[in-house]
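Colleague: Heads up, the sequence shown is in my numbering, so the first residue is 8 and it goes up one at a time.
Hints are not guaranteed to be accurate.
As the list claims (entries may be wrong) - Computed beta-carbon distance windows for the label pairs:
{"hint": "1", "residue 1": "I15", "residue 2": "E49", "range": "31 to 39 Å"}
{"hint": "2", "residue 1": "D62", "residue 2": "L10", "range": "41 to 49 Å"}
{"hint": "3", "residue 1": "V66", "residue 2": "R27", "range": "23 to 31 Å"}
{"hint": "4", "residue 1": "D52", "residue 2": "E13", "range": "39 to 47 Å"}
{"hint": "5", "residue 1": "E32", "residue 2": "I54", "range": "15 to 23 Å"}
These aren't lab readings, by the way, just hints derived from the structure by calculation.
Using N, Cα and C, we set each Cβ at its ideal position, and we do this for glycine too.
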Amino acid sequence: MGLPAEKIIAEALQLPAPLRALVAERLIESLDLEESGEITPEWRDEIVRRCLEIDEEMVELIPAETVLARAYAALK
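Work out the full structure, taking the sequences as your base and the hints as a guide.
Modeller: Following this line, the structure appears as structure tokens:
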């Protein structure tokens, strides 16, 4: 048996594409958190701006399922 990471990678590669994308996203997010535990002032401002847009109904929210379905359909 290879290294634990090799086994995890081999198993992850057997997952359907949507689940592989989710695993990749979570791994990348974990790297971002390790680099910096703080949110920069610029990101904090962006988060506040986006939340205000949502609260004031200035933007249309699209369910994640719809976004993912469209993205996967575009890949076909």
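Colleague: Next, verify each hint and record whether it holds.
Modeller: Verification of the hints:
Taking 31 to 39 Å as the suggested C-beta distance range, the pair I15 and E49 conforms, at roughly 34 Å. Between D62 and L10 the beta carbons are some 48 Å apart, a value that agrees with the proposed interval 41 to 49 Å. At about 29 Å, the beta-carbon gap between V66 and R27 stays in the expected band of 23 to 31 Å. At about 42 Å, the CB distance of D52 to E13 agrees with the hint of 39 to 47 Å.
At about 18 Å, the CB distance of E32 to I54 agrees with the hint of 15 to 23 Å.
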